[in-house]
Structure formats: structure tokens, C-alpha cells
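Peer 1: Construct the complete structure from the given sequences, taking the supplied hints into account.
Each residue of the sequence shown is one higher than the last, beginning at 72 in the numbering used here.
None of these hints come from the bench; they were simulated from the model.
Take the hints with a grain of salt, since some may be wrong.
[To be verified] Label pairs and their calculated CB-CB ranges: (1) Gln139 - Ile247: 30 to 36 Å; (2) Val336 - Glu122: 53 to 59 Å; (3) Arg279 - Pro321: 38 to 44 Å.
Even glycine gets a Cβ: it sits at the ideal position worked out from N, Cα and C.
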Amino acid sequence: MKKRVHLFRQLSLGKFFATQKILIVFSLAAVFASSLVHDLYAQRVEPIAPEKFTEIMNSLSEEGGYYQSDIWITNEQTYLDVIGLLKERSVQGGVYIGVAPNQNFTYIAAIKPELAFIVDIRHQNRMQHLVYKILFELSETRAEFFSYLFAKPLDPKESPSVNADINEIVNYFYNIPSDRDMFNQTQSTIIDILQTKYNLALNSTDIREINAVLQVFYQYNLSITSGGGQNRRGRSNRPTFAEILRLRDPAGKQLNAFNSREDYVYLRTMNLENKIIPVTGNFAGSKALSAVAQFLKERNLTVTAFYVSNVERYLFQDRIFNNWARNVKLLPIDENSVFIRNISSNYRATRLQLIQTFISNFDSGRYRSYYDLILLDYIRDNNSIEHIRQY
72 MKKRVHLFRQ LSLGKFFATQ KILIVFSLAA VFASSLVHDL YAQRVEPIAP
122 EKFTEIMNSL SEEGGYYQSD IWITNEQTYL DVIGLLKERS VQGGVYIGVA
172 PNQNFTYIAA IKPELAFIVD IRHQNRMQHL VYKILFELSE TRAEFFSYLF
222 AKPLDPKESP SVNADINEIV NYFYNIPSDR DMFNQTQSTI IDILQTKYNL
272 ALNSTDIREI NAVLQVFYQY NLSITSGGGQ NRRGRSNRPT FAEILRLRDP
322 AGKQLNAFNS REDYVYLRTM NLENKIIPVT GNFAGSKALS AVAQFLKERN
372 LTVTAFYVSN VERYLFQDRI FNNWARNVKL LPIDENSVFI RNISSNYRAT
422 RLQLIQTFIS NFDSGRYRSY YDLILLDYIR DNNSIEHIRQ Y
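Peer 2: Shown next as C-alpha cells:
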């Protein structure tokens with residue numbers, strides 16, 4: 072009898088421990104699933120209210136600084152070269168940080184982040200992105216966007232279709248004149264929306280800069296270059312807006328965001344949901360980037376890609392590169408987070424680098440000069456080092 076009881080107890084204990092193992096497995100699975108759901112949810116960003124957008128933009132910004140020239144559009148003719156690699160490596164979602172004007176839209180459309188910040192030392196850049204923001208809101212189609220930007224009224228019978236490629240759109244706007252009344256109305260509408268819907272207190276400098284953005288596109292439209300019109304000798308070696316829009320990647324594809332109806336719809340949605348936030352800030356400054364980093368950490372958001380253009384060249388020149396690197400180390404990143412870097416030297420290229428690689432190289436003292444930065448440790452770089460050595 073005792074043996075039977077003992078055997079019964081053994082069987083009961085066996086079932087008990089088996090049951091406990093199952094419960095533990097289910098519990099761990101539930102915890103894992105809950106964690107996964109939390110992570111996925113944490114990377115999602117709900118639409119931001121207009122007044123909250125303004126609050127975030129102002130709270131993250133710092134005093135603007137000096138830059139040697141205006142930058143109305145990009146002059147980087149290799150900006151499309153990394154789009155294929157971004158997609159190949161599944162650089163998607165999360166948070167995008169960028170600098171400068173229009174090239175950001177193509178990177179944002181390719182990466183499709185949940186949230187984007189454009190951080191630039193020039194206050195003018197912030198105002199330019201606010202102009203773009205309102206134009207996206209007003210314009211259901213790409214043709215409408217450029218119509219407002221160039222102050223060129225659309226002809227309902229001849230305007231480009233919603234599925235037109237960028238060549239058709241560019242050719243259309245080359246052939247119609249700008250209209251001063253439309254310019255004035257667009258300017259008034261933008262200012263009114265920013266002041267009323269977004270409760271943005273615009274001072275005289277803000278309004279002057281909004282006018283400057285609209286004026287330069289009104290005056291030069293598709294012929295505008297990064298510095299505005301042509302240089303003093305009557306020519307410019309910088310690409311025009313039309314050329315930038317129609318550039319092709321190494322595979323021969325036209326990948327500018329304005330070439331795609333789907334990309335435009337995505338960008339417009341991001342702006343309607345107030346998820347592209349322009350910030351005035353110095354990459355090596357004491358506030359903007361660290362404030363962005365804290366904002367993201369509080370919301371469990373990760374930087375997926377950071378487009379830095381060639382800003383680091385000037386940070387080396389000004390001997391504040393170390394401050395920049397310290398700010399980078401504050402950002403919430405993962406093992407796949409990348410820099411999109413334009414190399415500014417006698418050899419021009421756009422390349423990808425893992426942010427963790429940058430931090431490791433900085434910590435080990437490998438970045439003694441801008442030359443080191445443009446040469447060391449890029450993702451699958453097939454560019455000729457000999458050309459880079461021309462710097």
C-alpha cells in the first residue's frame with residue numbers, strides 16, 4: 072500500500088512538474104509576445120496634434136547659427152546611390168533624422184519611418200520645411216504641390232495625371248508661366264495656416280524667410296540651384312532642381328520621391344499627421360540633438376537612419392567634431408542604424424555607415440581628420456579609395 076501511495080505520489084508529482092513546465096513555457100511565451108507587442112507598439116507613432124507639433128518643434132530647437140550660403144535645394148548628385156542598399160538592408164521604420172532641404176523627402180519615402188526630424192543650424196531651413204509642410208497639406212497631387220511652389224496655375228485640361236512620371240511633370244511646368252497673384256495668395260495662405268492651425272507665433276524674421284523661400288522658387292522655379300540662381304559669371308556648376316528631380320540611381324532608375332505617386336501620398340500623410348518635424352540645431356550643439364535623443368528615449372523609439380550630408384567636414388574645420396560624436400552617442404540606436412553620408416572632397420559620393428561603427432571608431436581614436444572619416448569602414452563600399460585620396 073505504501074508503495075502504491077509512493078508510486079501515486081511520484082505520478083502526481085511528475086504531472087505537477089510537467090504541468091509547471093508547460094505553464095512556465097506558456098508564461099515565457101506570453102512574456103516574449105507581450106514584449107514583442109510592446110516593442111512593435113513602441114515604434115508606432117500616433118498622429119500628432121497641430122499645437123503639439125509646434126510645441127515639440129520649439130522645445131527641441133536651439134539658436135540658429137551661421138552657414139556660408141543659402142541651400143535652397145541639394146547639390147548632391149549622388150544622393151540616390153544608397154537607395155538600393157537601404158532597401159536591401161531593410162532599413163525601414165523607426166525614426167529618421169536628416170539635415171538640409173529636399174533630399175530628405177526621397178530618403179524618408181524610401182525608409183518610411185514612423186517619425187522624422189530635420190535638424191539644421193540654419194533657421195531658414197526650418198522655415199523652408201514649414202513651407203513644404205503646408206504645401207503638402209494643400210496638395211493632393213504632385214502637380215498641385217509644384218503648382219503652389221512655383222506659383223504656376225494648373226490647366227485642368229492639360230495638367231499631368233496623378234500617375235505621371237517626373238519627366239512629364241517637369242516638362243509641363245517648364246512650359247507655363249508663374250503668376251504673381253497666385254504667389255501672393257500662396258504666401259498669405261501659408262502664413263495664415265501656420266498662425267491659426269499651428270498656433271505658431273511668427274515674427275518678422277520668420278515671415279521674411281517664408282517670403283524668401285517662395286520668392287526664390289517663384290523666380291527660378293525648375294532652374295533653381297542650391298544657391299538660388301546662376302552664379303555671377305552667368306553659369307552654375309551646380310545641378311538645377313529639374314536635374315535633381317530627374318537624376319537616376321546606378322541602376323538607371325529615377326528614384327526621387329516626386330517620381331512616385333505612392334511616395335508622394337506617403338510624404339503627404341506624414342505631413343498631415345505632423346510627423347516630419349523641422350528643428351533648428353547645431354549637430355555639435357548643447358541642446359537640439361541631445362533633446363531629440365531624450366525625446367526618443369522617453370518614447371522607446373530608435374533611430375533607423377541619420378542623413379548627415381557633409382556637415383562633419385565643417386565640424387572638423389571648426390574643431391567641434393568631438394562634441395558631435397558625443398551627441399551621436401546619446402541617440403537610441405540598434406545594430407542596424409545607419410548614417411547616410413555625403414562625402415565632400417575632390418571625389419563625391421554618398422555612402423552608408425553603421426552608426427555603431429562610427430562610435431567604435433571614434434572611441435578608439437581613429438578619426439583624426441575628415442580624411443579618416445570619409446575613408447574608414449563603410450557598408451559594402453565599391454568606390455575607389457584612390458579617388459577618395461584626392462581630398
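Peer 1: Within 53 to 59 Å or not, the Cβ separation of Val336 and Glu122?
Peer 2: Taking Cβ atoms as reference, Val336 and Glu122 lie about 25 Å apart, which means the hint is violated.
Peer 1: Is 30 to 36 Å respected by the C-beta to C-beta distance linking Gln139 and Ile247?
Peer 2: 34 Å, holds
Peer 1: Arg279 and Pro321, beta-carbon distance inside 38 to 44 Å?
Peer 2: Roughly 41 Å apart at Cβ, these two residues keep to the hinted range, so it holds.
The structure fails hint 2 only (numbered hints given earlier).
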